[in-house]
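A.B. asks: Heads up: the protein sequence lines correspond to chains A and B, in order. Residues in the first sequence are numbered consecutively from 1, following the working numbering. Residues in the second sequence are numbered consecutively from 1, following the working numbering.
Certain hints may be false.
What the hints assert, rightly or not - Chain B regions said to be covered by chain A (calculated; three or more residues, Cβ under 8 Å):
#, stretch
1, 27-36
2, 219-227
3, 301-307
No lab work stands behind these hints, which were simulated from the structure alone. The beta carbon of each residue, even a glycine, is placed where N, CA and C say it ideally should be.
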Amino acid sequence: MRRTFIPLLLPAVLLGSAAAHAHAYLDRANPRVGSAVRAAPRVVSLWFTQNLEPAFSSATIQDSAGNRVDQGRARVDGGNRAVMHVSVRPLPPGTYRVHWRVLSVDTHTTEGSFSFRVGE
Amino acid sequence: MSRLMPRTAVLAGLISSVPLTGATAHCFVGGCFLPATLTVDDPCVADELSLPTIARFNTGDDPSARQTDISFEYSKRITDTFAISVGRTWTHLSQPGMPDVSGWQNWETTFKHQFLTDAQHELVISAGLAVEWGSTGSPDVGAERFSTLTPTLWIGKGFGDLPDSAGWLRAFAATAQVGYAIPTSSSTITIDPDPGDLGIEFHPQVLVYGGSLQYSMPYLKSSVVDLGLPDFINHLIPLVEASFRTPVANNAGNSFVTTGTINPGVIWVGNYVQVGIEAIIPINRASGTGVGAVAQLHIYLDDLFPTTIGKPLFGSSAPAMKPLGN
Numbered sequence: 001m002r003r004t005f006i007p008l009l010l011p012a013v014l015l016g017s018a019a020a021h022a023h024a025y026l027d028r029a030n031p032r033v034g035s036a037v038r039a040a041p042r043v044v045s046l047w048f049t050q051n052l053e054p055a056f057s058s059a060t061i062q063d064s065a066g067n068r069v070d071q072g073r074a075r076v077d078g079g080n081r082a083v084m085h086v087s088v089r090p091l092p093p094g095t096y097r098v099h100w101r102v103l104s105v106d107t108h109t110t111e112g113s114f115s116f117r118v119g120e
Numbered sequence: 001m002s003r004l005m006p007r008t009a010v011l012a013g014l015i016s017s018v019p020l021t022g023a024t025a026h027c028f029v030g031g032c033f034l035p036a037t038l039t040v041d042d043p044c045v046a047d048e049l050s051l052p053t054i055a056r057f058n059t060g061d062d063p064s065a066r067q068t069d070i071s072f073e074y075s076k077r078i079t080d081t082f083a084i085s086v087g088r089t090w091t092h093l094s095q096p097g098m099p100d101v102s103g104w105q106n107w108e109t110t111f112k113h114q115f116l117t118d119a120q121h122e123l124v125i126s127a128g129l130a131v132e133w134g135s136t137g138s139p140d141v142g143a144e145r146f147s148t149l150t151p152t153l154w155i156g157k158g159f160g161d162l163p164d165s166a167g168w169l170r171a172f173a174a175t176a177q178v179g180y181a182i183p184t185s186s187s188t189i190t191i192d193p194d195p196g197d198l199g200i201e202f203h204p205q206v207l208v209y210g211g212s213l214q215y216s217m218p219y220l221k222s223s224v225v226d227l228g229l230p231d232f233i234n235h236l237i238p239l240v241e242a243s244f245r246t247p248v249a250n251n252a253g254n255s256f257v258t259t260g261t262i263n264p265g266v267i268w269v270g271n272y273v274q275v276g277i278e279a280i281i282p283i284n285r286a287s288g289t290g291v292g293a294v295a296q297l298h299i300y301l302d303d304l305f306p307t308t309i310g311k312p313l314f315g316s317s318a319p320a321m322k323p324l325g326n
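This is chain B alone, in the form it adopts within the complex:
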């Protein structure tokens, strides 16, 4: 006799607290620079390394567990507009009344094609596929035995093309990402050893979406108005990120509640690295409890090693070699 297991909802809540993916690209579009964001992925391709990203928060489980994630992501351009990134997360869980557990989450790979870059309108759009490879991590920390494929669209837009009368508003930029996560297995049959019942754990298809609203102090200084602020301030990009997950199919018997977090923070942008820190604020009980935090060191390999590992494998990142001319 089958029965529906609530574990799916618990795991969904657990996973929803984890950032969608480590951020990647070093992203110039026109005069706008979109930094690598911590919670959602930015819309560009680049040669970059996020190492480490450290997050600490309370999960949406009942009772809530204290989760610490340490992750990395390496992104490599294959061509000027196509990149592959590889990343993984180490997780430590402290659960009330239970022994702590640690282990690796599944490997994640993202294939991304930046198919539109409109410098004049500071608009960039990419499409790709994110893959979580099943059975490559530890089930103790929630790593699934099945893979998940997530076709995803990324969009970035700077508002520098607003008229001059918009003034300081021109230093705003926004990014968005939307994906549809499809598990390669629709369900798992489980056996409850006590009564000996069979159970079915459904693996829902999930709409994964989020974005960021940013205010670029570097852009304000170089393109709008130079206020003569301290140099440190001119390297800051305050931002708010948000990421959400909504089960939309194959979720029989479980809640379709949306989970997610709102993450206000700031990124300091240097020539070769950036450092970011954000609070993690769950939007409801199913998303977690209390306020967590995430921090990241992000390294621009394309600036550090422009002629070796920082350039695309095929083609050149250099512009067409003709004088720009007046």
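Bound-form chain A, shown alone:
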């Protein structure tokens, strides 16, 4: 019985792929992950590999002392639900860490963090 199961399952897997959704993983960010920027950004933007559930997706930004420097709730872009924006206070030169935790539309949660630096 088990031998017949796999051959039957494989076409279903391949056919099903077109309509499926996967874990949301950070694809890129602005400022770029690990980068140094001269001018402090007013908004940090995160691009993910999948659309997000806005109510269950979040990001915070901290300075090197662990103090929050974002201006509250991150917002998922209305025109592209794979993008999240976080407004930040005026940032003096220093290193900042972005922590994100998101729920993709298929209910998978992922999280991560990265740093960027303001000032050369």
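Fit chain B to the given chain A structure using the hints.
C.D. replies: For chain B alone, kept in the frame of chain A given last:
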């Protein structure tokens, strides 16, 4: 009159060349993603399918035989932290001076409980039991008539929790697995038809261990530094796997030599599937000759079918439904 048979050592060498098990889980822990590895099992539970895994190598027999394995493994979460996987391997053996033989190896089942997931430290630990069901495969290709129980511990660790000053080292991750294989039969009495002697073939208890060292280009890009590399490169995880077997008990009269392989390779990780390829390098003559290869297509059922066959049978893979809040 009894005598010790060398066949156990030959079979041990033969079996040692086979990967410990097909790999399974789609494994996120914190910001770290541990791919399903080809030679040793990864430390997570998931709904996944490895189909096929194809390996070709020379066995440790004397003379060495050319072995080709085609296998599959299906893993199903029963709860969020408990999974059962079922797999089997079809083997073809080409032995010098002898007719080729083919057949199925024994069915294998693994019960795994992922009991610790520490996102902050990118640490995951599972424990479980792997069972090879005796007499379910063909003796022509080495399938045993007895079952083997292997209590096993799996560990995975990402190094993303190192300080930022560690830089690119934070994209490293490692996994390890250690098990103790206990045959359900300690020995088999055999009859040599020529002289008519009785023989005893001992079935050793074996320490089975291995691991992987990985470098995650996806992690490097998303968590350490985005170098603007081509997209294909950003989906690669170069790695080295190693698997070893050391007989430790009930091996009377036979060698206690450790056998195993070192497998360098690379895995390409997509949203729904991953593809991996590795070389198989035996560590000594008893482990094989020459360099073999293994390749695998691995399918993430939890991403393809998140609301049907890709979710646990009981409970939900969804997070607690409350806003994360800032």
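A.B. asks: Could you run down the list of hints and mark each one as holding or not?
C.D. replies: Against the structure, the hints come out as follows:
{"no.": "1", "hint": "27-36", "verdict": "holds (count 4)"}
{"no.": "2", "hint": "219-227", "verdict": "holds (count 6)"}
{"no.": "3", "hint": "301-307", "verdict": "holds (count 7)"}
Of the hints listed earlier, there is not a single one the structure fails to meet.
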